[in-house]
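Counting from 333, one number per residue, gives the positions in the sequence shown under the working numbering.
No lab work stands behind these hints, which were simulated from the structure alone.
Watch out, some of these pointers could steer you wrong.
Stated by the list, open to error - Label pairs and their computed distance ranges (CB to CB):
1. Pro399 <-> Gly369: 16 to 26 Å
2. Lys365 <-> Val448: 24 to 34 Å
3. Asp428 <-> Leu357: 22 to 32 Å
4. Pro429 <-> Glu394: 10 to 20 Å
5. Glu447 <-> Thr383: 28 to 38 Å
C-beta: ideal position from N, C-alpha, C; glycine also.
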Amino acid sequence: MRSSLLIVAAILLTGCTHHERQAPLLSDITQLKPNLGEVIRIEGTARYLHTAGPSVAGKDFEVRVYPTNVWDAKMDGTKVIVTGRLEDSTHSTPPDPSLTPGEYWLSDSTWKLPEVKK
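Can you make the complete structure from the sequences, with help from the hints?
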């Protein structure tokens, strides 16, 4: 009985992370500043530049994504949902010196493909 409870608990915990359930989905640029420092989600298009690394493009904004190995050039143009902590270089030390003052980035990022709607 005890081992079956542990198995059920493990299945429930691996199904969806806490961040994915709680993180608000940002859809436009006006939502960035009020959510600074929070774990957020962005549904957009994966971008990749060899000089800057990965980023995600929303409707009217683009945010760099860290760690830089989260995806590579093969993902460029793919629709993704990215979850991470929203930071900017005005309030935090950037992970990369190429970030411009005030530029936003997501730290501790994870991503997944959006669910196909039928």
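Structure-based check of all given hints:
Between Pro399 and Gly369 the CB atoms are about 19 Å apart, so this pair conforms to the stated range of 16 to 26 Å. Against the hinted window of 24 to 34 Å, the Cβ-Cβ separation of Lys365 and Val448 comes to about 32 Å, which satisfies the hint. Between Asp428 and Leu357 the beta carbons are some 25 Å apart, a value that agrees with the proposed interval 22 to 32 Å. Checking the proposed 10 to 20 Å range against Pro429 and Glu394 shows it holds: the Cβ atoms sit about 19 Å from each other.
Between Glu447 and Thr383 the beta carbon distance is about 32 Å. The supplied range of 28 to 38 Å therefore holds.
Violated hints: none; the structure is consistent with every hint.
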